[in-house]
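Heads up: the protein sequence lines correspond to chains A and B, in order. Its first residue numbered 1, the first sequence is counted upward by one per residue in the working numbering. Its first residue numbered 369, the second sequence is counted upward by one per residue in the working numbering.
To be clear, the hints were calculated from the coordinates, so they are not data collected in a lab. No false leads were mixed into what you were given.
Lysine-lysine pairs mimicking DSS-like chemistry, simulated, CA-CA at most 27 Å apart:
| no. | chain 1 | residue 1 | chain 2 | residue 2 |
| --- | --- | --- | --- | --- |
| 1 | B | Lys608 | A | Lys281 |
| 2 | A | Lys55 | B | Lys574 |
| 3 | A | Lys252 | B | Lys653 |
| 4 | B | Lys653 | B | Lys588 |
| 5 | B | Lys600 | A | Lys55 |
| 6 | A | Lys252 | B | Lys608 |
| 7 | A | Lys55 | B | Lys608 |
| 8 | B | Lys588 | B | Lys644 |
| 9 | B | Lys644 | A | Lys252 |
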Amino acid sequence: MHPETIVDFCRFLRENGFHLGVLDTLKAIEITRALRYQDVSAVQHGFRAALCTSKEEWDAFDALFESFLMGTPKPKPQLRDTAQPAAAFALINGMRGFSGRELGREDTKTVAGASLYERLSKGDLSDINRDDQAALERIAQKLFNRSVSRLSRRLKMAGRRSMLDLRRTIHAGIGRGGEFIELHYRCRKPNKPALVILLDVSGSMNPYSMLLLRFAHALQKQFRRTYTFAFSTRLIDITAALRPRDIADALKRVSEAVVNWSGGTKIGESLEGFNALYAKKLLSRDTLFLILSDGWDTGEPARLACELRTVREKVRKLVWMNPLLGREGYQPTTRAMAAALPYLDVFAPAHSIASLAQLEEHLCSMNS
Amino acid sequence: MAKNPDQVTDLDAIVQGFHASGYVLDRALATSIYLLIRLGKPLLIEGHAGVGKTEVAKVLAALLNTELIRLQCYEGLDISAAVYEWNYQKQLLAIKLHDGTEGSSDERVRHIFGPEFLLERPLLRSISQSNPPVLLVDEVDRADEAFEAFLLELLSDFQISIPEMGSVKAVSRPYVVLTSNRTRELGDALKRRCLYHWIDYPTREKELEIVRTRLPFAEKELSEKAVGVVQKVRNMKLAKPPGIAETLDFVHALETLQTAHIDTAAVEQTLGCISKSAEDIAAIKNAGIENLLCS
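Throw the hints in and build the complete structure from the sequences for me.
In structure tokens form, the structure reads like this:
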């Protein structure tokens with residue numbers, strides 16, 4: 001293959017959502033040289049190995065290769081909805097009419113993406129129109145993944161406070177001429193924190209539910225011990241449904257599992273169900289408990305307060321994130337919210353992607 | 369079947385070499401391996417559990433007649449377990465022995481930070497062999513990002529810096545194979561550096577060929593039926609779909625039980641080979657074993 005053809009091919013892939021730089025083009029040229037004496041399919045396989053970096057790209061590659069050889073001018077972006085930031089930026093660029101030109105990777109990120117990125121990540125989720133939805137979801141996925149993986153690292157570090165066990169340290173030092181080579185600690189290696197998420201999927205939460213589900217999915221991917229529940233009038237365990245790595249797959253399973261989407265809200269009763277069935281198994285001093293709800297409750301506030309107190313006694317931290325809190329002039333005066341406030345460690349907004357990404361701060365803010 | 373890397377001149381040599389070791393591979397994977405040998409680029413292999421990712425490195429080492437150095441990644445893997453560690457006991461001992469003897473302190477420091485006090489871990493070992501080994505970095509997605517960054521540095525410069533000794537340059541470049549189960553998205557920079565290969569579950573025909581190669585004694589009809597069952601189970605969206613090892617176990621078990629023909633009871637008895645979790649086994653039984661058997 002002629003180098004110029006390869007350059008064209010790489011540009012073609014880039015237009016179709018591949019994240020390629022100049023180095024990749026060089027890699028492809030190098031590969032044609034190494035495969036000089038092999039057949040055409042070997043070149044195709046070699047290009048695929050060199051230019052793909054994920055299963056999604058891998059799956060899309062063969063069709064793109066063929067349509068390039070056939071000379072099809074410009075197929076639409078093919079990559080499926082993934083966590084690939086590359087795809088998100090390609091999409092944003094496409095929306096701004098940047099698609100055809102060859103841009104350095106850094107440029108695409110900062111120049112074209114910035115303002116839309118800003119608008120989408122800071123704006124209230126309920127205000128975002130349908131056109132922006134796809135881009136928003138990709139940005140969300142990326143931010144979530146980043147914030148969540150940082151969070152899991154921070155929590156791991158935070159758990160590392162332990163006391164020296166002098167007796168065992170000295171004892172271990174005897175065999176080494178009194179030098180303390182191995183330090184023994186008093187407590188066992190601390191467990192990683194568990195995370196329990198209660199997600200409100202009642203009618204009033206409609207604009208937010210889908211994104212919050214993505215958020216929960218990102219969290220669950222990162223924390224091995226995450227348990228996610230959805231509730232409106234009753235509680236449903238969606239941990240298993242959220243388990244597939246692929247977000248589209250997971251969301252589909254959740255929608256099958258949750259039968260009472262957009263129903264009324266009975267937070268107190270749902271929590272009671274949780275306390276009765278799962279609390280013993282899931283709650284402990286290393287559990288972080290996260291409620292994502294707007295606090296519009298049709299149940300009895302006293303009941304909610306009572307159940308929240310039970311939870312509070314058992315967990316390390318109780319966090320309530322409320323999408324309404326991001327609105328100007330919102331006061332948590334609904335009866336349920338007012339009843340819940342005394343038991344919360346953190347009460348925080350959840351109206352935008354940026355505010356959700358703050359979860360890290362909330363969970364690490366207090367040493368408890 | 370062992371070969372010198374220079375003798376690997378075309379894809380067929382690789383396909384045949386792997387076949388001889390009992391590994392059935394298609395031309396696409398052969399191309400990736402060919403490029404790994406020719407261009408010396410690391411190969412990142414992703415795929416579901418049990419499709420033979422790790423095996424690629426093992427067979428490659430056998431094919432090239434070289435050592436396989438394996439680094440199993442896990443959460444919290446650090447430099448001292450992956451690259452090098454000083455032999456502290458020996459160092460202390462040396463200090464005590466040399467107490468009171470002549471010699472400047474400079475010399476002594478240089479002595480106790482010499483090569484004889486260095487414990488080589490897989491990564492350092494892999495670049496200090498005269499005959500380039502195959503370095504397998506297994507399940508790299510399990511290690512944390514800090515380690516990934518370090519690995520990236522190693523893969524681009526092929527040198528390791530040890531503060532007390534200076535940097536150690538590679539005597540020879542190892543053939544690097546990385547595997548990942550996609551439990552975490554790997555960093556872009558690391559992926560850029562590598563060739564990428566996705567190994568999917570084998571097709572029916574390929575899986576039959578694998579069974580034939582690995583279990584030559586198995587009856588043809590039995591293997592065909594068993595592979596059919598496994599292929600169907602894979603489509604069932606279980607928590608842990610069966611890999612190739614499970615297929616082989618399954619065929620082997622059926623063969624051992626000497627079932628004249630494979631029926632519902634026989635499958636039920638050996639279901640534990642295909643699936644190792646109670647939930648999945650229940651799901652398979654719910655779906656009806658007789659449905660799996662009909663073709």
